[in-house]
Amino acid sequence: MTATTIASALDAPTRTALAGFLLAMADDEFVIGFSDSEWTGIAPILEEDVAMSSIAQDELGHARALYELLAGLLDDGRDADALAYDREPEAYRHARLLDHGRGDWAMTIARRFLYDTADAARLASIGAGWPPLAELVAKIRREERYHAMHALAWVDRLARAGGEARARFVAALDELARDAPSVLATPGGEAALLEAGILGRSMAAAFDAWRSDVAGVLRPLMIPLALEPAADAARHRAAPSDDFRWLWGEFTSVRRSEPGATW
Amino acid sequence: MSPAVAPPRPDEEAIRDALRGVADPEIPAVSIVDLGMVERIEVGPDRIEVELLPTFVGCPAQELIRSTVIDALAPFGRPTVVGYSFRVPWTSDRITATGRANLTAAGFAPPAEPGDVRCPRCGSGVVVRDSYFGPTQCRSLWYCRDCRQPFEAFKPI
Numbered sequence: 001m002t003a004t005t006i007a008s009a010l011d012a013p014t015r016t017a018l019a020g021f022l023l024a025m026a027d028d029e030f031v032i033g034f035s036d037s038e039w040t041g042i043a044p045i046l047e048e049d050v051a052m053s054s055i056a057q058d059e060l061g062h063a064r065a066l067y068e069l070l071a072g073l074l075d076d077g078r079d080a081d082a083l084a085y086d087r088e089p090e091a092y093r094h095a096r097l098l099d100h101g102r103g104d105w106a107m108t109i110a111r112r113f114l115y116d117t118a119d120a121a122r123l124a125s126i127g128a129g130w131p132p133l134a135e136l137v138a139k140i141r142r143e144e145r146y147h148a149m150h151a152l153a154w155v156d157r158l159a160r161a162g163g164e165a166r167a168r169f170v171a172a173l174d175e176l177a178r179d180a181p182s183v184l185a186t187p188g189g190e191a192a193l194l195e196a197g198i199l200g201r202s203m204a205a206a207f208d209a210w211r212s213d214v215a216g217v218l219r220p221l222m223i224p225l226a227l228e229p230a231a232d233a234a235r236h237r238a239a240p241s242d243d244f245r246w247l248w249g250e251f252t253s254v255r256r257s258e259p260g261a262t263w
Numbered sequence: 001m002s003p004a005v006a007p008p009r010p011d012e013e014a015i016r017d018a019l020r021g022v023a024d025p026e027i028p029a030v031s032i033v034d035l036g037m038v039e040r041i042e043v044g045p046d047r048i049e050v051e052l053l054p055t056f057v058g059c060p061a062q063e064l065i066r067s068t069v070i071d072a073l074a075p076f077g078r079p080t081v082v083g084y085s086f087r088v089p090w091t092s093d094r095i096t097a098t099g100r101a102n103l104t105a106a107g108f109a110p111p112a113e114p115g116d117v118r119c120p121r122c123g124s125g126v127v128v129r130d131s132y133f134g135p136t137q138c139r140s141l142w143y144c145r146d147c148r149q150p151f152e153a154f155k156p157i
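In the order they appear, the protein sequences are chains A and W. The first sequence runs contiguously to residue 263 in the numbering used here. The second sequence runs contiguously to residue 157 in the numbering used here.
None of these hints come from the bench; they were simulated from the model. Treat the numbers as computed from the prediction; the structure is a model and nothing was measured. Careful, some of the hints might be misleading.
[Said to hold, decoys possible] Residues from chain A that keep clear of chain W, each with C-beta distances beyond 12 Å, as calculated:
(1) Arg93
(2) Pro131
(3) Glu135
(4) Arg142
(5) Ala234
[What the hints assert, rightly or not] Chain W is faced by these chain A residues, among others (derived, beta-carbon under 10 Å):
(6) Ile42
(7) Pro44
(8) Glu47
(9) Glu48
(10) Met52
(11) Ala106
(12) Met107
(13) His150
(14) Val170
(15) Val254
[Stated by the list, open to error] Far from chain A by the CB rule (all over 12 Å, computed), these chain W residues:
(16) Pro8
(17) Ile15
(18) Pro54
(19) Gln62
(20) Ala97
(21) Gln137
Note that the Cβ used here is the ideal one computed from N, Cα and C, for glycine as well.
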């Protein structure tokens, strides 16, 4: 059964809420995937060059699968590529956390750690209410496990290294702390998503689980980090950052150079 | 003149056999059947449907595998429709015994929990993982302390 036929069973408010939720999740995966792919060729060591490229490839694959579900749900003639590439920078709905550029290696690891753990809490919140999403998420979670192990190994390494490595990592966490909770901001129409069983728990509950996961990692490393729930309206920035505008220019450049080209 | 007669309806096993000739281009030693990617084959009166499970959501080989399957089933004389689905998650447990043997013969350690990984060249268990991530999404990097060779292992997933 296609996403379109299954979607026809949902009432209008639920479809609207689901479309918003899918777009936010797809944009998150797309933006961090593209941003991390910037390390290809220039990561600190060869193994990390390979790892970051592989992780980025996973994330872009997740984004594509989510955009495909969204395309079926919207059924407005746009395919996954059109959804991914044919929007102005202001129309992307990625979380504020991902409006921060990749920065240096410590910033990249801090961003990955905060995003991977928050995304895991979000994925764990998906219920069985809409089978196409539940099935995809079951598959994605198996892959994300590797991303989490990678991020945690680096958090440990940087934090225990002391000196400049630890200082840069802690500074990066501090810089991101305010925006990190945006990944788990309450989505529009959450009540409808909960009612339909598309979400099994609220994003507020996911936030609590995430905050305790993060504390469980950072406390033994003696890194205090205050995370406060994001205000509902604060998931994405109305005016995207310069970092994101630059990234948008990069990831849309081929598409814009020859609209509609295939190969 | 007799009317054109459709070729006889092939049975599922004949199609499965034909699919044993289709490999993931990134692991040519193992067929998509032995990888456990073929979830369902359905032979209808006018077409063949094949449901495949992607090994990884973003595996870039999906389109190439789709067209290779269509070519491989062309001799059956009816159109083939290939669909990818996540109805059942693909896991590395779906790789058959033949698939595992072929992986080892091709120099890849088959999927195993970290303590059970063996060097595909010398069989030693004195191995260390260099990285969770390798040259493709489904492989990780290892090093054998006995024969002192790097190797790749299929990720358990």
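Hints and how they fare:
For Arg93 (chain A), the non-interface assignment is confirmed: its Cβ lies about 20 Å from the closest Cβ of chain W, beyond the 12 Å cut-off. At the 12 Å boundary, the C-beta of Pro131 (chain A) falls inside the reach of chain W, the nearest C-beta of that chain being 8 Å off. At roughly 4 Å from the closest C-beta of chain W, the C-beta of Glu135 (chain A) falls inside 12 Å, breaking its exclusion from the interface. A beta-carbon of chain W comes within 12 Å of the beta-carbon of Arg142 (chain A); the shortest separation is about 5 Å.
For Ala234 (chain A), the requirement that its beta carbon stay farther than 12 Å from each beta carbon of chain W is met, with the minimum near 29 Å. Checking Ile42 (chain A) against chain W: minimum C-beta separation of about 16 Å lies over 10 Å; hint violated. Because the closest C-beta pair between Pro44 (chain A) and chain W is about 13 Å apart, greater than 10 Å, the hint is violated. At about 4 Å, the closest approach between the beta carbon of Glu47 (chain A) and any beta carbon in chain W falls short of 10 Å, and the interface hint on this residue holds.
With its C-beta approaching chain W no nearer than about 8 Å, Glu48 (chain A) sits inside the 10 Å limit, and its interface hint holds. Restraint check, Met52 (chain A) versus chain W: the minimum CB separation of about 8 Å is within 10 Å; hint holds. Given hint, Ala106 (chain A) at the interface with chain W, is violated; its Cβ is 19 Å from that chain's nearest Cβ, farther than 10 Å. Given hint, Met107 (chain A) at the interface with chain W, is violated; its Cβ is 20 Å from that chain's nearest Cβ, farther than 10 Å.
Nearest Cβ of chain W to the Cβ of His150 (chain A): about 6 Å, under the 10 Å cut. The hint holds. The beta carbon of Val170 (chain A) is not positioned within 10 Å of any beta carbon in chain W (closest approach about 25 Å), and the interface hint is therefore violated. The beta carbon of Val254 (chain A) comes no nearer than 16 Å to any beta carbon in chain W, farther than 10 Å, and the hint placing it at the interface is violated. Non-interface call for Pro8 (chain W) relative to chain A: holds, since the shortest CB-CB distance, roughly 30 Å, exceeds 12 Å.
At roughly 23 Å from the closest C-beta of chain A, the C-beta of Ile15 (chain W) stays outside 12 Å, upholding its exclusion from the interface. For Pro54 (chain W), the condition that its CB be more than 12 Å from all CB atoms of chain A is violated, with the nearest at approximately 8 Å. Distance to chain A contradicts Gln62 (chain W) as a non-interface residue, since its nearest Cβ pair spans about 9 Å, not more than 12 Å. Every Cβ of chain A is farther than 12 Å from the Cβ of Ala97 (chain W); the closest lies at roughly 22 Å, confirming the non-interface assignment.
With 12 Å as the threshold on Cβ separation, the claim that Gln137 (chain W) sits away from chain A is violated: the shortest Cβ distance comes to roughly 6 Å.
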